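Chains as they are written, first to last, in this note's numbering: chain A, 1 to 169; chain B, 1 to 187.
Keep in mind the hints are simulated off the structure, nothing from the lab.
All values derive from a computational prediction rather than experimental measurement.
Just so you know, even glycine gets a beta-carbon here, dropped at the ideal spot from N, CA and C.
All clues stand as given, with none of them false.
Simulated restraints, written as ranges between beta carbons of each label pair: (1) A:Thr53 <-> B:Asp30: 50 to 56 Å; (2) A:Thr53 <-> B:Arg185: 53 to 59 Å; (3) A:Arg54 <-> B:Arg42: 46 to 52 Å; (4) A:Thr53 <-> B:Asp98: 31 to 37 Å.
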Amino acid sequence: MRAILILLFVLLLAGNARGELPDALAGDWRGSLLVTGADAGTGLPVNARLDPTRDGFEIAINAPGAKRLDARMVPGPAPDVFEVEEGGGLFGFLGDGDDRSVLDGRPLLWARRAAESLVVYRLQIVADGGFELLHIVLTPAADRLEVSVQRRLDGVPEPGLHGFLDRRS
Amino acid sequence: MTHFCRRLALAALLCLTTLPGPVSAQSLTDYFGAFVGRAEVRDTGEGLVETRDIDIEIGPFRRTGFRLRWTNVTLVDGRRDVPGVKRRVNEVIFEPHDGSRLFVEASVANLFQRQEEMSPLAGDPVRWAKLDENGMHVFSFAILEDGQYELQTYTRQLVDDGLELTFERVVDGEVLRRIDGWAVRAD
Numbered sequence: 001m002r003a004i005l006i007l008l009f010v011l012l013l014a015g016n017a018r019g020e021l022p023d024a025l026a027g028d029w030r031g032s033l034l035v036t037g038a039d040a041g042t043g044l045p046v047n048a049r050l051d052p053t054r055d056g057f058e059i060a061i062n063a064p065g066a067k068r069l070d071a072r073m074v075p076g077p078a079p080d081v082f083e084v085e086e087g088g089g090l091f092g093f094l095g096d097g098d099d100r101s102v103l104d105g106r107p108l109l110w111a112r113r114a115a116e117s118l119v120v121y122r123l124q125i126v127a128d129g130g131f132e133l134l135h136i137v138l139t140p141a142a143d144r145l146e147v148s149v150q151r152r153l154d155g156v157p158e159p160g161l162h163g164f165l166d167r168r169s
Numbered sequence: 001m002t003h004f005c006r007r008l009a010l011a012a013l014l015c016l017t018t019l020p021g022p023v024s025a026q027s028l029t030d031y032f033g034a035f036v037g038r039a040e041v042r043d044t045g046e047g048l049v050e051t052r053d054i055d056i057e058i059g060p061f062r063r064t065g066f067r068l069r070w071t072n073v074t075l076v077d078g079r080r081d082v083p084g085v086k087r088r089v090n091e092v093i094f095e096p097h098d099g100s101r102l103f104v105e106a107s108v109a110n111l112f113q114r115q116e117e118m119s120p121l122a123g124d125p126v127r128w129a130k131l132d133e134n135g136m137h138v139f140s141f142a143i144l145e146d147g148q149y150e151l152q153t154y155t156r157q158l159v160d161d162g163l164e165l166t167f168e169r170v171v172d173g174e175v176l177r178r179i180d181g182w183a184v185r186a187d
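Please model the entire structure based on the sequences and the hints provided.
Pasting the structure below:
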C-alpha cells in the first residue's frame, strides 16, 4: 500500500513538472526590442506577461501594430512541450470551438521548455499557400527577461528582433 | 527614418498581422513533364557534400491537382555504376484545398475514405504546396518530439528548358541541409 502511495506521489510530481513554467519567467514585463545587429535606438515597445496556472501557464505578448499573442498553455504530448488548451482561445481572434485545421488557416501555437528558457512558436498558413512561422525565445537574465524573435515568411528568414524586458513593479 | 516609421517597420517585422499577399501564379500545366539533372547536397552540420542524379516527373492528378515523383541517385565519386550508390524514389500528390490556391497533400489510399484529423503536435507532418512567380514550392513541416520544428522547403523554378531546384532543411531555425540543382526537360 505504501509503495502504491509513493508511486502515485512520484507520478503526481512528474505530472506537475511537465507543466511547469520556469519561475524566473513568471511576471509582468515591459521593454523594447531592436532589430538584431542594429545600433541602439528606438525599439519596438513590448509588454509580456507570463503566469503559472494549475496545469500550465498563460502567456500574453503585446506590441503596438502587432496582433496580441494571448493563450493558455497546458502540457502537450511530450515532457516540456505545451499546447494551447482546447477552447482556451488563441491570440484573441479565434473563438472557442474553432475546429479548423492549420491548413484551413488556423494558427498552430505551441511551446517548449529548454533549460530555463521558454520557446514559443506559431505557424500560420494562408489561403495562397504562403505561411508565417514565428519563433520566440524567452530567457531569464538576472532580473530581466531576454527576448529573441525569429520570423520566417514562406520559409525565408526575416531580420530577427532582440532585447531585454524589465519587470513591472 | 522617424521614430514612428522605425516602430512601424519593427512592428511589421514582429509580424503577427501582415501575411504574404496574393501574387500571380504560373500555370500548373507549365510544370508538367519529365526532368533529369544533377544536384549538390551540403549538410551544414557535417560539411558533407554529395552529388546526386535527379529525375523528376510532374503530372496531373484528377482535374486540378498534381503528382510529383522524384528519384535521387547519390553518386559515388561522381559515378552511379559502382557499389555504394543509393537510389531513393519519392512521390507526393497535391490537390487544391477548398478551391483556394493552397495545395494540400492527398493520399491515394484515402481518396474514398474520410481523411484522418491531422495532429501536428503528435508528430503528423503538415505538407502543402503553392505556385507563384518564383516557382512551385512544396513545404513539409513537423513538430519534433522535443517541441522543436523541422521545416523542409522544396522550390522548383521553371527556367529556359528546365528546372532550377533548391531545397532547405531547417530545424528550429538552423539550416542543416541545402541542395541546389538543375534539371533539363526530357523528351
